[in-house]
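These protein sequences, in sequence, are chains A and B. Going by our numbering, the letters in the first sequence line up with residues 44 to 564, in that order. Going by our numbering, the letters in the second sequence line up with residues 14 to 174, in that order.
Hints were generated in silico from the structure; no laboratory data involved. Think of the CB as a built atom: it goes at the ideal place given N, C-alpha and C, for glycine as much as any other residue. Keep in mind that the hints are not guaranteed to be accurate.
[As the list claims (entries may be wrong)] Residues from chain A shown here face chain B by an in silico Cβ test under 7 Å; the list is partial:
(1) R153
(2) Y471
(3) R472
[Unchecked claim] Okay, the calculated beta carbon distance ranges per label pair:
(4) A:E90 to B:P103: 58 to 64 Å
(5) A:N122 to B:E32: 29 to 35 Å
(6) B:K44 to A:H191: 51 to 57 Å
[Said to hold, decoys possible] If you want the ones that stay clear, here's a sample from chain A, every Cβ over 12 Å from chain B, calculated:
(7) A175
(8) A210
(9) D238
(10) E373
(11) L415
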Amino acid sequence: MTAIDHDEEAVVIIGSGAGGGTLAYELTARGIKVVVLEAGPHITNDEYVNDEWAAFSQMAWLDPRTTSGSWRIARDFPNLPAWIVKAVGGSTTHWSGATPRFLAHEFQARSTYGAIDGANLLDWPLTLAELAPYYDRAEIAMGSTHRHGRAALPANNNYKVFANGAARVGYNFYATGPYATNAEPYDGRPASVQDGFNFQGDKSGAKWSTLVREIPRAGATGHLDLRPLSQAVQITHDQTGRADAVLYLDAAGGLHRQRARIVCVAGNSIETPRLLLLSASSLFPDGLANSSGQVGRNYMRHTTGSVYAQFPDPVHSYRGETMAGIIADEARHDERRGFAGRYYLETLSLGPAFLAAFADPGSWGRDFTSILDGYAHTAGLWIVGEDMPQETNRITLNGSVTDAAGLPVANVNFDDHPNDVAMRDHGYRQAELLYDAVGSISAHRTPPYPSTHNLGTSRMSARPEDGVVNKFGRAHDVPNLFVSDGSVFTTGAAANPTLTIVALAIRQADHIAEQLANRSL
Amino acid sequence: MRVIRVAFPHAQLPDTAYEKTADALIALAEKSPRHFLALSSGLASLDTLPAGAFLDLNAMDATARLRAIEHTEFFAFVRANTVLTLYNLPEVWEALGYEGASFDKGGYLTRGFNDLDWLPEPRIEEYTGELNHVEIGPLTRQVGAASGPAESASTRDEVTK
């Protein structure tokens, strides 16, 4: 790893996940010097543990956060609004792997859906046609199955139930992917051994993450200075309003200042707005890049829910690639269903420890234990669809709760929109029909987990007054400040977000490199 | 232990699983005066209600007794920590039919990841038939519950295509 002096003006990227890790690789590959500040430790594949709670303790972002609003998370998990990773590689080290693309109309949500009460819908300043070449590059980088010649993963037990059920209810658009885990050796990484641990660290390296691909390749360029255990606490600026440095804390609490020619924030949709709000100054009294007042607002988490169905015969759904099963027939905008937007059904399986914790939080007694008693005969799926952006679903600084450094923690306020509820209920019903069609004897509806898809909060907009960043993720208010993660999503769309975050980061890297080359940055 | 077994009844679990969970809860409570007080007074109160000592109640009456106190700090402590402890025990995983970590054994690749044999082998590739994926508007054909028997010729044709 290359050491970059604290007084050298580097591109400083905050976060090393899907957005930050990808951006670091794409820039260093062009010879641009990059400092990556990663809040978490550098955990390697051989250190990962295949045990749900042990892996959670090892990887999850457990710094204090608070919650408010009517969502059930505020009652069941008041200090765990999101289940994301604090480590080099970010949440790409525990993501499932599903890589569907957005559809064209999802970039024009406001125009397609019209005005919806309570929803702060806006069209993206970007089209599918503009992003399509970057989707190709992202899929090739990540090795998405079913794409660019990559083989499909085989059917595991959970998929067999899921796909047969899909066929019997009349669905057609189901498959074991696209999914960014190797079915065959690819890109220097092995094929999946179907070890069953996908929401934990992947010991084999078959699953794409920035930990196994982008970070080591960026390191090999000689232009990367990766600093784990470095928590960014403020972005500073000069008298003209250009970002000029990032202040961060090391593991011992020591404060450092890294000079920056460009700052790229990729801390996921809770920490990114928190950092912008913490960076308020006399020039930017409401938070950095927040003249629109939209920083922290329009927090989205996808409309989700799970159904676990039991069968007379064994399933053993925990064996194999957890989410290598996707149904896209309901992934259409069809107002006759009673809601706007679309959703996917994707296979899902938890071990007994997490199923007990998340199946019906707060519940006990025989209704609860029956969910676990049928564990080996259980098939499961996840509903994942677009949720409505709402201005009041919002990340703010909590003035009364502080972190270890004494800084205000993020509060996450969230209420479901009626559209979200209608979509979730539709998904639950379709999932029950699907499992009934292959002989289920019971089905249990599980509420949304702590958020794994955290989106919005620094959204792209054509006009500065409507959002925080432009179509390249550059802040409307600060010319050399970029946001490089899912915070920039103008609307959530239905697809699992990682592929789109990677595609946007590759596109942003091209833009930054071009601007640096012609000295306009 | 009786409280835990009544609240989380599983016929197939060994007594040792409940014993270990009870021990873990007591050890946890001993670290916090507040929890220790809640646990001690909660257990004591179970025997002071008119229906008789908790240990002498049948399962239905014991469950009703717990339902009456489920919003107390005592029961919340027992419930939350039982969920975290009991279902994280390897002997419970085994009793429920969960095999856990597999990487050191080569994953489940040759150990049953696809051994389900009571349904036909489904298609794994994406759909390549005549229908187009609908992006906006209703599906072009009816979707709902299964209309025919599982092994009908048309169904089999579809799932094996």
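Would A175 (chain A) pass as off the interface with chain B, using Cβ distances and a cut of 12 Å?
Label holds. Min Cβ-Cβ 15 Å, cutoff 12 Å.
Confirm or reject the claim that N122 (chain A) and E32 (chain B) have a C-beta distance inside 29 to 35 Å.
Holds, since N122 (chain A) and E32 (chain B) (Cβ atoms, about 30 Å apart) stay within the stated range.
Restraint outcome when R472 (chain A) is required to lie within 7 Å of chain B by C-beta distance:
violated, 10 Å
Holds or violated: 58 to 64 Å for the Cβ distance of E90 (chain A) and P103 (chain B)?
violated, 21 Å
Was E373 (chain A) rightly flagged as not at the interface, with every chain B Cβ beyond 12 Å?
Not fine: 9 Å to the nearest Cβ puts E373 (chain A) too close to chain B.
For the hint on Y471 (chain A), does the least C-beta distance to chain B fall short of 7 Å?
With a minimum Cβ separation of about 15 Å from chain B (threshold 7 Å), the hint on Y471 (chain A) is violated.
Against chain B, does L415 (chain A) hold up as non-interface, every C-beta pair farther apart than 12 Å?
Not fine: 6 Å to the nearest Cβ puts L415 (chain A) too close to chain B.
Is the gap between the beta carbons of K44 (chain B) and H191 (chain A) within 51 to 57 Å?
holds, 54 Å
Taking C-beta pairs only, is A210 (chain A) more than 12 Å away from all of chain B?
Non-interface label on A210 (chain A) violated, nearest chain B Cβ at 5 Å vs cutoff 12 Å.
Please verify that the nearest CB of chain B lies beyond 12 Å from D238 (chain A)'s CB.
For D238 (chain A), whose nearest Cβ neighbour in chain B is about 4 Å away, the distance does not exceed 12 Å, so it is violated.
Is the shortest C-beta separation between R153 (chain A) and chain B less than 7 Å?
violated, 15 Å
Consistency with the previously given hints fails for numbers 1, 2, 3, 4, 8, 9, 10, 11, ordered from lowest to highest.
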